[in-house]
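A.B. asks: Fit the two chains together into the complex; they arrive one by one in their own frames, and the hints show the way.
From first to last, the protein sequence lines stand for chains A and B. Taking UniProt numbering, I'd label the letters of the first sequence as residues 1 to 1039. Taking UniProt numbering, I'd label the letters of the second sequence as residues 1 to 136.
Hints were generated in silico from the structure; no laboratory data involved. Be careful, since some hints might not be right.
To be verified - If you want the footprint, here are the derived chain B segments under chain A, 3+ residues with CB under 8 Å:
no., stretch
1, 32–41
2, 82–95
Said to hold, decoys possible - Heads up, simulated SDA-like pairs for lysine to any residue below, C-alpha to C-alpha not over 20 Å straight-line:
no., chain 1, residue 1, chain 2, residue 2
3, A, 618, B, 88
4, A, 982, A, 351
5, A, 618, B, 47
6, A, 618, B, 46
Here the structure is a predicted model, which is why all the values come from computation and not from measurement. Quick reminder that beta carbons are idealized off the backbone N, C-alpha and C, glycines included.
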Amino acid sequence: MGTENPGRPNFPMRPSSTPFASALPTMTPFSSRGPMVGSEASNIRPIPPGAPPTMTPFSSAGSSPPTRFSDPSVPSPPITSVPSAGGPFQQYPTPPFPSTVQTTPTRAPPVGQPPFQPPANQISAPPVSFRPQSQVPPVPMVSAPQTVNFPPSSLNVPQPPSESLFSGPRPNFQPTLPPPDLSYSTTKSTFQPPFPAYPSKQPAVSQVPSPFPAQQGSFMPPPPASSSPFSSQQGSYVPPPPIAAPLGYQSRDQMQHPGSAPPIGGIQTLTEDFSSLSLASMPGSIEPGLDYRTLPRPLDGDVEPSSFVEMYPMNCDPRYLRLTTSAIPNSQSLVSRWHLPLGAVVCPLAEAPEGEEVPVINFASTGIIRCRRCRTYVNPYVTFTDAGRKWRCNICSLLNDVPGEYFANLDATGRRIDLDQRPELIKGSVEFVAPTEYMVRPPMPPLYFFLIDVSISAVRSGMIEVVAQTVRSCLDELPGFPRTQIGFITFDSTIHFYNMKSSLMQPQMMVVSDLDDIFVPLPDDLLVNLSESRNVVETFLDSLPSMFQDNVNVESAFGPALKAAFMVMSQLGGKLLIFQNTLPSLGVGRLKLRGDDLRVYGTDKEHILRLPEDPFYKQMAADLTKYQIGVNVYAFSDKYTDIASLGTLAKYTGGQVYYYPSFQSGIHGEKLRHELARDLTRETAWEAVMRIRCGKGIRFTSYHGNFMLRSTDLLALPAVDCDKAYAMQLSLEETLLTTQTVYFQVALLYTASCGERRIRVHTAAAAIVTDLGEMYRQADTGAIVSLFCRLAIEKTLTNKLDDARNSLQVRIVKALREYRNLYAVQHRLGARMIYPESLKFLCLYGLALSKSVPLKGGYADAQLDERCAAGFTMMALPVKKLLKLLYPSLIRIDESLLKPSAQADDFKNIMKRLPLVAESLDSRGLYIYDDGFRFIIWFGRMLSPDIAGNLLGPDFAAELSRVTLHQHDNEMSRRLMGMLKKLRESDPSYYQLSYLVRQGEQPREGLLLLVNLLEDQMGGTSGYVDWIMQIHRQVQQNA
Amino acid sequence: MAYLFGWLLTFFFLISLLAIISYQLMCFADLEFDYINPYDSAARINMVAMPEFVIQAVFCLVCLTTGPSFMCFLSLPYLYYNFRLYRRRRHLVDVTEIYNQLNWEKKQRLVKLGYLIILLVIFIVWLLWTVGNDDY
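Next comes chain B alone, as it looks inside the complex (with noise of 0.2 Å):
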């Protein structure tokens, strides 16, 4: 049971850093579009930069702890690099130089999004296998 649970956790946080970095790429798009101002967006983007790290390392934590461990060596590429970001300081966008980073700024959340994906599809995978092996 509580490894069911862990599993259901670890897909929870997988799927809500996917619709973070997902909103934040929308954001993204929608000011290169001039749909909203560069204040008002970089104020969205930076408003889940740190819950999206904050997620992240937690759910790196639950992997090791009742989850699929190896799901959590997986991610600790990601971890560091989040965590190198934020040593420099560079975890938020700026708002003066947002159109200038704004290329920049969604080449690294595209590769975010196509990571998170790749770990998704293996976890599901893997969980699939488990079940099946379960039953038989």
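For reference, chain A alone in the conformation it holds in the complex (with noise of 0.2 Å):
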């Protein structure tokens, strides 16, 4: 249990200030702790041999949180309690600690903090604010001088305030803590037996301190009071205890060192630098000993680490830039000991909740305020000097003169007075007015352009009329009214344009079929005024199914039809919007069926399937975005269409593949109803291009996802929108850093749909650190993951897949043992496998990745075209919507259907997020498994027959893959329905399927879910024990 460790993140940020706190510095950590199990044999001893008799109920107890409440003095309390905190047990309901294998508390008291990292706490002073432990002052203030030179063996840490000292007091403030679960008590019964069986490799570890941990989880505030209360209310609450707090620390250090020390110094020390994972095998078992269900799983979604943002209270918001470690390295050998990406994912357009808008700021006729030098704009980290006459760039530190019009006095701290009117000035995102020197010609209206396949296989799919309906119903919601313009091209073996001419009743038809030489019938007209050719667009797409109804082609001239409509774009750009049903097969562009042959798979070329095969597309793609024009790409076909050609075109304009294999509108329509409204309707950014700036002696040097570079560090985006996010990476200059903080700056210059220009900026600051280990602690597993996916499947475009899943293992295993190493000298780590808490997740994400779309397998595990465009897809992801396509959520809503009142307020609690194990499946249940972009509804084969027939009608003993899932009349339907539409509504940047599968359908089931169970082990792969034993393996060969 101690590798789940809910509770920390919230632990109280601040240190206290009282002085009591840093006087009791062993006590915080305790309560920062997750339970200090017995797990560990070799952490944990049942009794100490010196404990003072009210130690017995603690021991025996073992590993329950509830013991610090049952003291023997206060029998009831513990049992009466609310059950509110639930903490850690709360995930693995069953059988809470199924095992003897529970892994020690991972986290320990700030104790050891000193020794190893004495840097760390000088350096980072402020970003230590979160770590509540580095954050205790260090012991040596109060205790003997042994904990100075804290030796490695654990030995001679202060014990923690003795049983004895407190024992007398402890009734007292009893009753402020708050009223354990009572969960616990059923939860203590389970370990009392196993306990005593522990043997005791390791000396003397008193049970004080578990029950203190283990409440952690739950009870924010308490702990931290029933820390201090020892010193600080012991006086008030107790008549004065005989020997004052401090006092008996010492006598009692020097009293037990000569005896049977106290070794839990050693162990917190240790507990508090890390997590942990037992693997040693329990004596008389040959399975390995790692439970399962101990293994850390971000059951609670993407947790943004909240230390950038208190630490730099002024930073932009997560969402819009998230670094991988907010502690940057700060000379070469320490970037070369981070075995991991070191770099920030962006995501410019973030859509920001109700009331957190990014504010719009107009400097007018001062100009925007930016450094001479480095062209940084104004931001919150520059400081004013002179009186206000001066202004200096937190980037390069140059002195700029602040514009008459920009000044304003400096109150007596050194602050602008105006502060609280300048929102560039307190706020890390905001957005400027662009003036005219920030165009390069005047802002375009937004265009939308539409490319369609009209052949015989996009007419039976019943495509056209999706998407011609689709942008009907857009019509009125398109951005930029009444600029908008738009127009259509439709092509089979000919190319098809509209004269779209407002004068016009309905639209003209232009057929060109000289695929050789193309031209454009029509000057103009062909791209229309969408305000004043309303009519005529309309009936065309009223038309438009019925007109290629009977067409029999089964020609594409797709890349002739690409290049009319560049031709008819290039003056404009705007957004292309390309339908695509079947292989380019005339004129330039054409493409052959690639894949086929199976001897290419495994060998050296088999990379080359997942490029472009014809530089065509890649020419065609630079043209586009030097013109301004994004593409995105909707591929519909049931046969290979070359998606890795295709996609190029997206890739290279800041677009975007949808993917529909073997489309049906009966089927995927509403799906691509939903998307293909979102990609109209959305706020796009047009003619963009976006750079990032940061301090001197760092530098972004390579760029990962969907665009194209225009120079070394500027990206172009024609068209860009929130659901597309950017990953770099940088690198150190110099050798060595000499500043305390660096600073990062997006900027994205952009039209608004409106026609205005726009620069829209967010800043962040984040510490320079000299230690390897605060760099661990502060990383961003999101952050990482992203950037490991995009290195990942760019890998896959020059290697073969084993080659790319194999670096991203090796990176893992050398971020861990590098880690390993850090703790290895001082503390006996034995067989556990360790690793920061921030990064726990790791390597069940790298399994995850491993076992993603793009990467997973070989040839047969899937199709070319659909690895193609998850791999297009995954690199433009944001890093909440890629987490949870890497570990999608699976919920069990049988009950909550049955149960008659819920309601909107306890959705949170039925979306209960399971491990993705197949002993998650109850075959009496009902599961949703929702990945962010399809929801596969398990029905057990056990399910009531009752909510089976009330979910499907009529049709519910029939074969599910032809049943579709429509709201039926009764209470049980309606609120499945209003539970997907939630949930929809919680990500509406892609349109979740449902495709409903019965237990043991095969081979359905194993196609659409097992293969999803990403911990179960299946042909070939391994499960999340195996993993994590190979892992661990690894980092312990030449460790």
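C.D. replies: Have a look at this one:
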């Protein structure tokens, strides 16, 4: 259980400033720690020999948290208490601690801190605040000199207040403690038996600490209270205890040392710095001593590290910018020991919740305030000097003049007096209205151009109809009214242009069949203003499906049609939506069937299949970007369409690929409708370029995502929206950074749909550290995984899939090994696997990544097109969405469907995610599997027919592959649909189509769900437990 | 006389190869310092890529027939390398990925440049040596 530490991040961040806290450092850690469990035999010793009699109850209680309350002197309170404090147990309700294999408490008291990282404490003073442990003043303040020369062994740390000392007073403040969970008492009982059985290799861990940690997860505020009372409250509550606490400490300390030295300090230090998993096998069992239930899982979804924002409150929100670690290494050598990616993931236009919109600032006549030298925009971190006449750039530290109109006096503290009227000086994210200097040409109107395949397969699948309807229904919501431009081209073996001049009654169609020498039949009127030609456009969309319903043309002149669209659009730029149903077969850019030759797979030539076949596509993509055209590709074919080539168009123009294999309007229509509508109506930034600046000495060196670089550090993004994120890696230019803080500034210059040119600026600061441990502590798994994902996908384009997966694994192993080496000397790590708390999910995401569609297995595991499409999609996903895709949620819903009053407010409770293992599936249950792109609804074999009948109506007995889910007239069905709707609303960027599957329905069940239970071992891939074992083994090799 | 002509020819070929490679390197440097955009840069580099390969092939041929045949053998690896690039269709720089390939492309051309300079030195030494012998 030590690995799961739900409560931790919430632990009160500010170190208490009272002297008491410092006086009792050892206490805080306990409370901040996960339950100290008997798991690790080596760490826990049942009963300290010298323990006073009061100890007994604790030790007998084993690891159960409530022990603290079940102090014999106050027997009753614990039991009567509220069950609110589920803590760590919540997640595995059934047998909370099924086996004796509990991992050790992994976090430890600050005591150990000093020896390991003196520098961290000094340098990163501000950051410390979110790490309670490090914050706590080091022991030496209080305790005997021994602690100063803290030896590696665990022996000499002052024992936390000994039982004897506070056993008296404790009853007094008992009432202030939150009532423990009822469940604790039950768990306690389950523990009791195993506990005594622990071999006591490690000398004396007193049990005292264990109660505190366990509670931690659940009651936030109380633990500190419970710790400080020892000194602070004692005075007030208790008729003065005989010995003052500090005194007691020392005497205790001295007293204990000679004797049965309380080793606890060592364990605490150990547990403070990292989390660990015990891998030692238990005596008498062959199984590795790793219980899959104890492994860490991101069941709460992606948790943004709060540290970043807390340390620098003026930073932009993490939804816009996330660093892989918010502690930037100060030297090359430190970078080389950090084997994880060092960089950032930027989502410049992320959707902000209501009330947190980015403020728009118009400097009008002043002009935008920027640094003369490095062109940094004014931001909250610049400092004003010289009575407000000058400002110092935070990135290059050049002293700039403040323009007259922008001048404001400084107050006594050196802050501008008009600070509260200047959002750009208090907020990390602002938007400036750009004057004409920022325009190469006047801002262009939003432009949507549709390139629609009308060959026979497109007609048959019903795609044309859905597209026409959707576009028509979105006409009112297209951004940029009344300037919006629109145009259409359809193609099969010929290219059809449509004249939509507003004076016409209905559109005129012009057919060009000369594919070798494409020309545009009309100079203008192919691209019209929507509001002027509204009627013609509507007429056209209404008649489009019927126009081609008898088309039997099987060819596709995609290349020439693309060129034609390019010619029409090149004046204005804009967004090109391509609907492609047939492999391009005519004219330039024709493609052939690839991937049929099985012999290629697994060889060095395999990756070529994932690259565009014809240079035409790359060249075209480059030209499109040059003329500010963004491409979104919608591909529908049931056969091979070479997404690898088509997707290139989207990749280099900042677009995305939507892939609907074997599209049938009856089944997939809804998905296409929603996603197309989203694509057309979401707020889009046009003609954009993005640059990220950072302080002296570091530099962004590589960029990953869907865009094209226009110069070494300028990303060209013809059309960008809130669903796109970009990753970048940085490197140090100088061998040693001397500054304390480094600043990052993302600037996105774009044309808003309303025709205004704007610059969106996100600024963030991060500390520079000298200590590797600190980097690990402040690592952000989400950003790291996001970068890993992009790197791995890029690697599949030049290497075998195997190589991509291996290099991913190697990097994880290296990182964990380096981390282990940090602590291997001071601690007996034994067979435990240790990892930083911040990276507890890294292994799991690594596994998920190597099982994700673009990377998994070999030839047979995913179709080539599917693989490529998933690759293009994942290259653009924002962090949250990616993590959801990698570790989808599995939710059991049958119970909540049956419950009479499932209302909106307990939606969160219902949506409790389960681990992705086959054991989670109960054949009496109904489950939703949600990866953000689709829902799979799994009907257990023994699910009550009542539920199935209610949900599926008359066809509940039919084969589920032919059944679609729609609302029936009963409460249960309505509730399910409501639930799905809520889930969909929580993430509108894609529409999740429901697939129904019944247990045992093969092969469908296997393909849809079982293969996605990524923690399970599955045809040659390792399960989570094996994966951990494997990583652990590699970490230990030449460790 | 024919020999002299052959020598001159090979000499000019060598010089032109050197010029082409240096030109490409200059384009890369300009690109790196943001003096030209990737489109122009790629166009310029690709414009001379094929001529380079052809001249190199002809150079080998001329060496074999008229001039110092060992020069031909010395430049065979170069020829093979070019041929391989061409076969894999990697002889042209890719405008979309030009920044990612920048380092590799530059390194490759620097090696070529060094190779050519060594060839040139050997060639001149050999030329002087034979001329000296003739006089003697």
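A.B. asks: None of the hints should be skipped; say for each whether it holds.
C.D. replies: Hints, verified against the model:
1. 32–41: n = 5 at 8 Å, threshold three: holds.
2. 82–95: Coverage by chain A holds here, the residue count being 4 at a Cβ distance below 8 Å.
3. 618/A with 88/B: holds (16 Å)
4. 982/A with 351/A: Status holds; Cα separation ~18 Å.
5. 618/A with 47/B: holds (17 Å)
6. 618/A with 46/B: holds (15 Å)
In this structure, none of the earlier numbered hints is contradicted; all agree with it.
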